[in-house]
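**Q** Each chain, letter by letter, is given below.
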Amino acid sequence: MIEIKGLTKRFGKKPVVEDVTVTIEPGTITSFIGPNGAGKSTLLSMVSRLLEADTGEVLLDQNNVKKWKSSDFAKRVSILKQANYLNVRLTVRELVSFGRYPYSKGRLSAEDEKFVDQAIDYMNLADMENKYLDELSGGQKQRAFIAMVIAQDTDYILLDEPLNNLDMKHSVQIMKILRKLVDELGKTVVIVLHDINFASVYSDRIVALKNGRLMKNGPTREIINSDVLREIYDMDIPIQEQNGCRICVYFNSHI
Amino acid sequence: MRNSTKLMILAAIAIVFILLYGFYDIKGGFDYAFPKRMLRVTAMIITGIAIAYSTVVFQTITHNRILTPSVMGLDSMYQVVQTLIYFFAGSMSVWVLNKYLNFGAAIFAMVVFALILYRFLFRADKHPIYFLLLIGMIIGTLLGSFVTFLQVLIDPVEYLSLQSRLFATFTNVKTELLFISIGILALAFLYGYLIMGQLDVMSLGRENAINLGINYDGMVMRILILSSVLIATSTALVGPITFFGLIVANLSYQFLVTFKHSTHILGASLISIIALVGGNFLVEHIFELRTTLSVIINFIGGIYFIYLLLKESRAAG
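Chains as they are written, first to last, in UniProt numbering: chain Z, 1 to 255; chain F, 1 to 317.
Bound-form chain F, shown alone (with noise of 0.2 Å):
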């Protein structure tokens, strides 16, 4: 089957669980329901394009199929920035109330933070893939508890209002980001379409990339910081969803045989969009929100996870 078939089957399946997620077992008002549903389902699209084209682009940069930037922390990140903002400055401060601030604030730190780990962890030597696991673990669990350490303190009001805020999910989507983000993500697609091709070129390693005339230590920078504005958008939608970048990234790899990024990008997004909005349709109507889908998603991510890691090992071994 050639690449642009299996395009159209998966954005086939992905407009069909969109319409089932809009019309199905309507009750009631549907003038007032369906507005709803279209608003959770764009941000489910919005959070899944942005996750899936972070996670392949930062692969590239880092030659590595199994680190994601969730994986390396980047999204403990937003909760660190909006819990130091509730810790030092208040839910009445001007860094909550405006929104766009707010975010930006988010955006930045983690773009820092992005940085900050390329330049250890990836430009000095190349590490085993272990050791990149391991410290991101380690600085994800650094970050989680010096969250919960500074959440104890806080006034207890103040938590629950910063809580609302960190455990985002499809049910509660922060609707007043969702034209930011859209704006965000059309002009990192603009941008994506510009450097496709040295995308591609990237893929073939540092030492090749420049020789092809590639800035390649510009460029990553510039995907680093893309990466990280698109997991800031998804996560301060929806909250974080740890293994899901993983798993579309890959599964978008072993599903479509071409080394290049338009066509991973395409079909990663794709399979991002099947299965929130599919998966979603079943939390809610299936198992009647007895569960929540990022519950499922790294359930499943986790398993699908070290199932790569023990293939990896078995490929270096």
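Isolated chain Z (complex conformation) (with noise of 0.2 Å):
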């Protein structure tokens, strides 16, 4: 399990994540969702240790991140950031491979070459796995990405916006994925996302931040109606049922 309490983070002087209190339930998918600068970003890196939090701690399984080995964690969180500009040339299947390094370190056994092959599977990349990266459209470079961090086959995957640069097919694809992840293998998601429409769907649980604050944290039904929302957005969002999926209509031409 996962427990953040009470972290807070500056940058300077001012608070871009608060006092944010939040339990990740395992075998559910999270979203984070909140206006641009709400901190979802920044929050998720210091749940992953890539950012140090100024105050208050972060708990796997009762033990500090701190604490935790850096390989040892690596085994049971993995985190993917939004930007992925990579400085070396490297073929998906390269890519993806790395995502063993905390069991191989570096030198693949059978097991590790079965995970890589999963992996690529599931994100529909095998007939691209000899392509360079830089090949690739945005997309595509997306799903390898993602493949790795698969591969790394950790209890928990952190997501920061995996659905940039991506069209909705591959959005819709790469949210079903996810689903099946937590649904067939037990693993838990903690996904950032703009859309708060794919959070409505595809999501267990929603926590709303605002201005580095905690908003909202409960089951996505609770999160997903229009007062709710209202709060956090700061604009009218009616709210239509369709085929037991609320659906956000954000758009209005009308105003």
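Quick caveat, the hints were computed from the structure, so don't treat them as lab data. Remember, predicted model here, so these are calculated numbers, not experimental data. Using N, Cα and C, we set each Cβ at its ideal position, and we do this for glycine too. Misleading hints may appear alongside valid ones.
To be verified - Calculated lysine-lysine pairs in the DSS-like style (CA-CA distance at most 30 Å, straight line):
no.	chain 1	residue 1	chain 2	residue 2
1	F	Lys174	Z	Lys69
2	Z	Lys105	F	Lys6
3	Z	Lys141	F	Lys260
4	Z	Lys131	F	Lys36
5	F	Lys174	Z	Lys141
6	F	Lys260	Z	Lys114
7	Z	Lys66	Z	Lys169
8	Z	Lys105	Z	Lys67
9	Z	Lys75	F	Lys260
10	Z	Lys105	F	Lys260
11	Z	Lys5	Z	Lys141
12	Z	Lys131	F	Lys311
13	F	Lys36	F	Lys174
14	Z	Lys131	F	Lys260
What the hints assert, rightly or not - If you want the footprint, here are the derived chain Z segments under chain F, 3+ residues with CB under 8 Å:
no.	region
15	48-60
16	73-80
17	87-93
18	98-106
Using the hints, put the two standalone chains together into the complex.
**A** Following this line, the structure appears as structure tokens:
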């Protein structure tokens, strides 16, 4: 279980995340939503030890993240940030193989290769596994990076806006894969999303942030309603139910 | 062609040049000339490997293929230390006479300088490459002027002694440092063998590397120290060769298609040896010492540097 306790981060004097306390329920997809600058990515970075918190702590299985050995932590929690520019020229397969580093330390065993194959299949990259990343489109590249964290085979997968650069088809595909990871393999996914409809339809729980503070934290059904969303986004968002999914209709050409 | 084949070819060329340098046109006393030549070749090999190795790992932690320890002014720091020692302690002090103390002081200062540079330039924010280059040039000029300033103040006799230390060349190798250099290089390779896998992961960038369980900031610190020690070794042996590391590292990136550091360190080292031994052979026997190798290297290297800059800016734009 991941527990976030009283986490605060300041850049200069400005608090970016302020006193956030959240528990991530295992076996769910939890979406972090909120307007730009709400501190979603910063929060995710602190949970995954990419960024050190000023105050507060993050616990993984009751142990402070700082106390975990980095290589052991990498077998439990993986993180993928949004900007992924690489300085080296790698093929898709080489990149995905790096996901096995916490286990293999660079020497892939037969079992490692199996995980790599699976991850590549999962992300539908089999036909381009020997292509170089710089030959791929933004969306394909994004999928290759997600395949890397899938190959890492951690209980917790943290993704920072993984749908950036992706068209609708691939966005839906990735959300479905994440759903499968949770439902079939019992993983826990924490994801920063901009499009609240993806959050509404695919996640089990939603954590809403605004100006660095925790606004709401609860099951998706409780968060996706017009009153709560108005509080978060300062905007009227009518909600329509379609096939049991709540869709936020924030497009309105008449205003 | 496979990478291993390419490495074999490079190794073969390197060996040919080493043999040529050792045996070509040996007149008079073989027993006199041959050991002397071999001593020089050894110095070239050590220097070449040290520069190649330090540049490749430095470029991994800075995520940048144009900056090298030398371009960032690291080897100017060597001159600063030596000049300061002569200025304050004098040529007869223990800091000069004890070569290990002298060498140690230089290494220490360069490591500290590298760590400070890193803290201010690479850590805080992502600066554009031109900013970093400019800072590197400014620091280099600043240190250079500072050195000149101190040098005009010292006693002329002291200055002559200092000069021989600052402008070491391949024809005037500091042989007394040869053994300690070999020792340092051996240790550096032993350490390199242990961290090779981590280096490969680090080339994915800080965030991906941490995700994969690398103690990134600690590793950066260690690699900076490694890189500074190697540059100190090569500078102490034969003096600064600014653009050399840049050429050999980038040639290796172009020639060998892989992300593996073990391959690139080996490749860049072999290219270094070819360039240094082959270059010196040409300078001594073809140009008959009418020019020096560092002039040629900086000339070719400077052009290559501008080419890389243009290529990079086109890729960015």
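**Q** Find the hints from earlier in the document that the structure breaks and name them by number, from lowest to highest.
**A** Hints 1, 4, 5, 7, 11 not satisfied by this model.
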